[in-house]
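Participant: Given the coordinates of chain A, work out where chain B should sit on it, guided by the hints.
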Amino acid sequence: MSMNNNEKRHMKQSTKNRISNTVIYIILILMSIIWLIPFVSIVLQSFRIESTLQVGYVIPKQWGLDNYIKLFKETSFPIWYLNTLFIALIVALVQTLVVLSMSYTLSRLRFKGRKFLMNFMLVLGLFPGFLTMIVLYTVLKDLNMIMANAVPGLILVYVASSGMGYYISKGFFDTIPRSLDEAARIDGATRFQVFYQIIMPLSKPIVIYTILTAFLGPWGDFIFARYISNYNSSGMNVAVGLWSWLQKDTIAQKYTLFCAGGVIVAIPVTILFMCLQKYYVEGVTGGAVKG
Amino acid sequence: MATLKLTNVKKIYDNNVVAVHNFNLDIKDKEFIVFVGPSGCGKSTTLRMIAGLEEISEGTIEIDDEIVNDLQPKDRDIAMVFQNYALYPHLTVYENMAFPLRLKKNPKVSEDEIFNRVINAADILGITDYLMRKPKNLSGGQRQRVSIGRAMVRDSKVFLMDEPLSNLDAKLRNQMRAEIIELRHKIDSTFIYVTHDQTEAMTLGDRIVIMKDGYIQQVDTPQNVFDKPNNLFVAGFIGSPQMNFFDAKLSKEGEDYYVEVGEVKLLIDDKKRDILKEKDINEKDIILGIRPDHLKVSFEDNENTIKGKIIVNEMMGSEMHLHINVNNKQDIIVIVPTISLTKSQKEALQAGKEIDLEFDSKLIHLFDSETEENIIYKKEC
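Chains as they are written, first to last, in this note's numbering: chain A, 615 to 905; chain B, 47 to 427.
Bound-form chain A, shown alone (with noise of 0.2 Å):
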C-alpha cells in the first residue's frame, strides 16, 4: 500500500517536472524566434537580386550573390571594412596591453593614491564616454585627425581611455597566489618577467577576454566614428558607411547592399566569438577561476 502510494507521488512529481520543463522550452523558443528573426531577415533580404527596394516580405523571389559582387566591386565598402579591420586589430593589440598591465599593476603593487585612482576611474567609468565627444572632436581638429584622417584619431580616442577598463582583469589576477610572483622574483624575475612568464600563462581567458572586447568596441562604434569621420568616406568605418547607405535618398538603390553588408561584419566576429566563446565565458566568471 504504502510502496503504492510511493510510487504515485513519484509520477506526481515527474509529471510536474516534465509540464514545467516543456512551458520553460515553449518560452525560450519563442524568444529565441523572436530574436533571430532581424538576423534571418538581413541574411535572406542580403541575397534577394529582383529588387534594391525594402519590401513587406522576408524570402528572396529570385536568389544570387550580386549584391555581395556590388558590394565589392562598385561601393566604397572594401575601404570602410579595412578601415574598420585596421582600427579595431591596432586597438584590440593596443588596448590589451594597456588593460592588462594597469590591471597587474593596481593588483600586485602598493602605492600612495591606488585606492583613490582606482575609485576614481570606477567613477569616471559611469559617465557615457560620448560626453566628451565634442572636445575630443576639437582636439583631434587641431590634431588633424578628422574627416579623411579619421582613422588615427579614432585609433587614438578608444585606446587613451582603455586603462580605465581594468576591473574585470584586475579581479582575475587577484585570484592569482602573490607567492607565485614572490617564488619568482626570488628565482631571479624581473617583475616583467614575473608578468609575461608567470602571470600571463596563467591568465589565458583573461586576456582572451580583453581581446576580445578591446577589439568589438571599435568594430562596432557608430558615435564616435560617425562624428569624428563627418560622412567623409575615407575616414569611415562600417558602422557609419552602412547607416549612411540608409538615407531618404539612398535606401531604395542600396537597402540589400546594406545587408549584404551586414553579414559581411558579422562573419569574422561570430567566428571568433565560436572559436574562443569557452575563454570568454571563463574570463567574465573570472573570480572563480582557480589560480
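Where hints are given, some of them may not hold.
Not the full set, but computed from the structure, chain A residues with beta-carbon under 7 Å of chain B [claimed, not checked]:
# : residue
1 : S793
2 : L794
3 : E796
4 : A797
5 : I800
6 : G802
7 : A803
8 : M814
9 : P815
Because the hints were derived from the structure by calculation, they are not lab data.
Virtual Cβ for every residue (Gly too), placed ideally from N, Cα, C.
Facilitator: Chain B in isolation, oriented as in the chain A frame:
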C-alpha cells in the same frame, strides 16, 4: 654558504603597526636557524625582509658582510620555500625546477648543466618519476619536494623556508621533517626556517629564535631553550604538553632558600641557591614552573606534597597524561611513565581519584611574578 647579520632590524607597516622591534641576530655560516612563535609574532615578516619581499623600515641586514637592504630579491642570492609551495601551475616539475636556472645571466647556465642539476636534485628528493607532470597532478608532499628542489638547484647562499610543512598532514609532516634534517647535511647552505610548531623548531634548529609580539624572547640551542627558558613565555611555549605554573613565594632562612607553594615548602638546591645569593635576592613573589614529566606522583604518605584531583587520564601507551585540578582552581598536567607502575598504582590514577604530587627542587624553574623573567638563568638577547 654565508653569514647573515641582522642589526636593529625593524618593520613598521603603513598603519604604524610595528611588526618587528629591534631584531639583532648573527647567523653563522651553514647554521640552521629556526624562527618560532605564535602567529603574528613577526617571524614571517623577518624572513620576508631577509628575502627582500618586505621593505626594511629600520636597521640593516647583511649577507656575507654586504648590506642587502636595497637589493632586489633576485640579487640577494637566496632561495625560498613557501608554505603553499608556490609552484608555477603551467610548467612541468622539470620546468619548475629549471626556472631559476633559466633566468640566470652571466654566466648563462647551459641546457646540459640545467639538466644535470635538476636531475641531481630530483634524485636526492625522490621525485625523478614526476618530472614531466604538472603540479596539479602531485600530492601535497610531492609538491613540497618540488618546491624544495626548485630552491636546491640554485646553490644559493641562504635557504629560507616559510612554514614549509604546515599544509601537510601529521604523518607526512613527520616524514618530511626527517627528510629536511637529512637534506640539510646534503646541502651546504645557511638555513633559516620559520614555523609555529615548537616540535619542528626543537628537532631542526641548531639555534632557535623564539619571538613574541615582534620581540625576540630568546636565542639559544634547543636544549638550552628547554632547560633554561628566559621567561614565562618561552617556558610555556617550548615543550609539549606545556610547563605547569604555580604562584609561589621565595623566602630565605639563614643561608637556605625555600619556595612555598600552597602547603609545600621546598628547599632550593645548592646550584640555584648560590646564584640567588650572588644576585642578592631575598624574599619575592614568584611563579614556579615545572614540566609535566618532572612532577612526581607520590604513592606513600608524604608531608611535603600538593594535593589534586584527577579530572582526565589520557592513556598514551608508554605514559599517562593526567589532567589534575589543584586546590579547585588550577588545572595542571602530569606525565607518568606506565612501565614501572603496579596494578594498584594504576588504579589509583583513574579519573576522580585524589593524588599527591611531589616536587624535585632541581627540576623547578623560578620566574619573577612581575617581570615574568627567569630569576636564575636570564640570557640577554
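Participant: Can you name, in rising order, the numbers of the hints this structure does not satisfy?
Facilitator: Checked against the structure, the only hint that fails is number 8, while the rest are satisfied.
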